[in-house]
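**Student:** Chains as they are written, first to last, in my numbering: chain A, 1 to 185; chain B, 1 to 543.
Everything labelled a hint here was simulated from the structure, so no lab data went into it.
Hints may be right or wrong, so weigh each one.
Every beta carbon over 12 Å from chain B, so not counted as near; a handful from chain A, in silico [to be verified]:
(1) Q41
(2) N104
(3) R106
(4) S128
(5) A147
(6) G150
(7) E151
(8) G153
(9) E157
(10) Q164
(11) E175
Pair by pair, the computed Cβ-Cβ distance ranges are [said to hold, decoys possible]:
(12) A:E157 - B:A473: 52 to 60 Å
(13) A:V178 - B:G175: 48 to 56 Å
(14) B:Q312 - A:V178: 45 to 53 Å
Because the structure is a prediction, the values reported are computed rather than measured.
The beta carbon of each residue, even a glycine, is placed where N, CA and C say it ideally should be.
Here is how the chains run, residue by residue.
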Amino acid sequence: MPSDPKHTSGDQAAAQQRFLSLFLRSEWEVFRYVAALVPNQADAEDIVQQTALALWEKFDDYDPARPFTPWACRFALNKARQWMERRQRWQALLTEGLAEELANRREELRPELERRLRHLDSCLGKLSEDQRTLVEGYYHRRTGIDALAGESGRTVEATYKVLQRVRHALRLCIESAVQQDGATL
Amino acid sequence: MNLLFPSREFDDAVAAVCHGVATDEQMGALNVLLHGNPTARDEYLLRVELHSRLASDPDLFSSTSVKAADSDLNGLRSSRAPNIVPLPPRAPHRRQVVSWAIGSAACFLILAAVGVTWFKRPSSRKPTSMAVAVLSQAVAPRWNSRADALAVGTALEPGWLRLKSGLVQVTFYSGARLVIEGPAQVQLVSPGKAFCQAGRVVAVVPAQARGFRVGTPQVEVADLGTAFGLDVKRGSAEVHVFKGEVEYQGRAATKQSLKEGRAVVVDESEVARQASADPAAFASLFDLERKWLAMLALRYEDWRAASARRNQDPSLLARFDFEDIAASGWALHNGAAGLSGVPDATIVGCQATEGRWPGKRALEFRSMSDRVRFGVPGEFRALTLSAWVNVKGLDREFNSLFMCDGFAPGTIHWQIRNDGVLDLGVQGPRPVDVQILVSPAVVGFNQFGQWLHLAVVVNGEHRQVVHYVNGTAVSRHALKHSPPYRLGPAELGNWNPGEFPHKPPLLIRHFSGAMDEFTLFNRALSDADIQALYSEGKPQPDL
Chain A
1 MPSDPKHTSG DQAAAQQRFL SLFLRSEWEV FRYVAALVPN QADAEDIVQQ
51 TALALWEKFD DYDPARPFTP WACRFALNKA RQWMERRQRW QALLTEGLAE
101 ELANRREELR PELERRLRHL DSCLGKLSED QRTLVEGYYH RRTGIDALAG
151 ESGRTVEATY KVLQRVRHAL RLCIESAVQQ DGATL
Chain B
1 MNLLFPSREF DDAVAAVCHG VATDEQMGAL NVLLHGNPTA RDEYLLRVEL
51 HSRLASDPDL FSSTSVKAAD SDLNGLRSSR APNIVPLPPR APHRRQVVSW
101 AIGSAACFLI LAAVGVTWFK RPSSRKPTSM AVAVLSQAVA PRWNSRADAL
151 AVGTALEPGW LRLKSGLVQV TFYSGARLVI EGPAQVQLVS PGKAFCQAGR
201 VVAVVPAQAR GFRVGTPQVE VADLGTAFGL DVKRGSAEVH VFKGEVEYQG
251 RAATKQSLKE GRAVVVDESE VARQASADPA AFASLFDLER KWLAMLALRY
301 EDWRAASARR NQDPSLLARF DFEDIAASGW ALHNGAAGLS GVPDATIVGC
351 QATEGRWPGK RALEFRSMSD RVRFGVPGEF RALTLSAWVN VKGLDREFNS
401 LFMCDGFAPG TIHWQIRNDG VLDLGVQGPR PVDVQILVSP AVVGFNQFGQ
451 WLHLAVVVNG EHRQVVHYVN GTAVSRHALK HSPPYRLGPA ELGNWNPGEF
501 PHKPPLLIRH FSGAMDEFTL FNRALSDADI QALYSEGKPQ PDL
């Protein structure tokens, strides 16, 4: 543990505040960065939490002249690697440098991803009531899959399948919106 | 298990990974597929991004909770609850599951404000413009204030031009041209209408812009295919018709026509007195074209003198001024050849075009095979790249400026991304170790068609990369990879993948636009050096 250079609790609180305001602005970005490697929400959040701890520990090293998010993402990549080491299943997916390749390629693809995902809002609007309730429960309220299955009277299997189908529908809707973008330019 | 793409099995495996229920088999098979198939990998990234965006953009579900965050902090708090981060006081136990342990309400207010702005999503609107005209020429313009200053080539939206002295020409989208001499205050109203509050203007109106109108406090002039002058002073307006015919109308009076060679003076009493037109009084305005060309020629001369000095700089590796390109030639002379040992370059495709000044050559990149190839042997502790470019559009995902072949260790790739950011990639020891340093978005619709000075400095000693636009630093980045940097075979305006083990098809990444100067130094230029480089080469004197 490095020696704590902050002597008073007032300094500590100020640093904490500064850190939080920076981290909060980057949090979702870091989450998506991690999720590109470990897409499962709960696991990705776990890694983001550990990343936040590591960032706070090293916050003295942070140079405020540089952007925070890339700094945070470097930590996140390390944390994801450590996390993977203890989970063989994920190792099987991300081994042989695929983690780095995905992270780099995602960076390259960003404009393309943004161009598509800006249609997500309007495409969500086209879902049926039932589909929307499920998506909102799963992604927004973070209701567990068992509870969601119970609510809708489906099996867990079937609930996952519906989520997969809804994402597929969103994917198609986005693609057609992107095509239209091109056509009307 | 063997996965194909596209296939139902692939779809199921990606979904299972997203839900965290994938089997070892699915994971392993995905790994193999994503390694070997770039299309599958990109599709995978897109699906995962869609999934993670749903999980991380509360605005998407704003009707239920987060819109309330503007006024209701609890709404924001609950929407953030899933991403609770423990914050121990600098003596972290590895796992602490606590909520934001922040006692201070004031602190939470700050956080809430940060959160609210962050969640604003980028606008999905298509690019639009309100512009009605373009500033097409200017000679020694002095504007009323810094805020009023405009560069030649700027698209002008309805609003006021406030000129203290000098001459400017505004070309309306209708085709009408208005030459304005300062001091003047002129309002652009629409493609077919302007209003002159004070000052002297000459309107040249071609047939297709017939009906172009210029208002003044005293009188409105409608053109009937002409050239006419207006002199608007406090309390009076003079209309002189040099060619064709106009119609004018005072505030209370009926429309009157005014023929070529005639003039009318309307004063405060609304009395109109006719006289002969006096072209001599507007001579300075008719002289704009000549003065403009003289100014450009002078700038070109100044640049040539500076250019000859530049070629003596011992830190030059390559300097292409594009002065000597012939219509059918394919050799491009390296002005620094004598010093650096970097041979002349070879032009593949491309078109000769006009550069920053009349008579100055430039090279236009238009088709996907257009490029300039050259080779830079050696290893470097630092590099500076500088180019004058005229971007026609950013149609491709990546638009190449200077690109080393392939992804060899220590090489660099300088390009403009289609969202307008400058992108410098620096290769580490392995292909996956690329560090990408991107500026904010700096090239957009307002920059297209204008000469821009772009530069990037790779400073190995200070481990820093700086992007510049028109002499000013736009972003600074920490550089991860240490020197030496190597360039080797490289291209302007395109990319050769070299030995990179990527199967075709390759992304098309040619530059779309013109380049009329490219300079490569083996040292890190300072901010002041870059500013000087810009000043030497800027197309017109400063505003």
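**Student:** For every hint, state whether the structure bears it out.
**Tutor:** Structure-based check of all given hints:
1. Q41: Check fails; 5 Å does not lie beyond 12 Å.
2. N104: violated (6 Å)
3. R106: violated (5 Å)
4. S128: At about 16 Å from chain B, S128 of chain A clears the 12 Å cut-off, so the statement holds.
5. A147: Given that every Cβ of chain B is farther than 12 Å from that of A147 of chain A, nearest at about 15 Å, it holds.
6. G150: Non-interface label on G150 of chain A holds, nearest chain B Cβ at 17 Å vs cutoff 12 Å.
7. E151: Non-interface label stands for E151 of chain A: nearest chain B Cβ at 16 Å, farther than 12 Å.
8. G153: The claim holds: G153 of chain A sits with its nearest Cβ about 19 Å from chain B, beyond 12 Å.
9. E157: violated (10 Å)
10. Q164: violated (4 Å)
11. E175: With a cut-off of 12 Å, E175 of chain A comes too close to chain B, as the shortest Cβ separation is near 10 Å.
12. A:E157 - B:A473: 52 to 60 Å: The hint (52 to 60 Å, Cβ to Cβ) holds, given that E157 of chain A and A473 of chain B are roughly 56 Å apart.
13. A:V178 - B:G175: 48 to 56 Å: violated (36 Å)
14. B:Q312 - A:V178: 45 to 53 Å: About 52 Å separates the Cβ atoms of Q312 of chain B and V178 of chain A, which means 45 to 53 Å holds.
Checked against the numbered hints above, the structure breaks hints 1, 2, 3, 9, 10, 11 and 13 and satisfies the rest.
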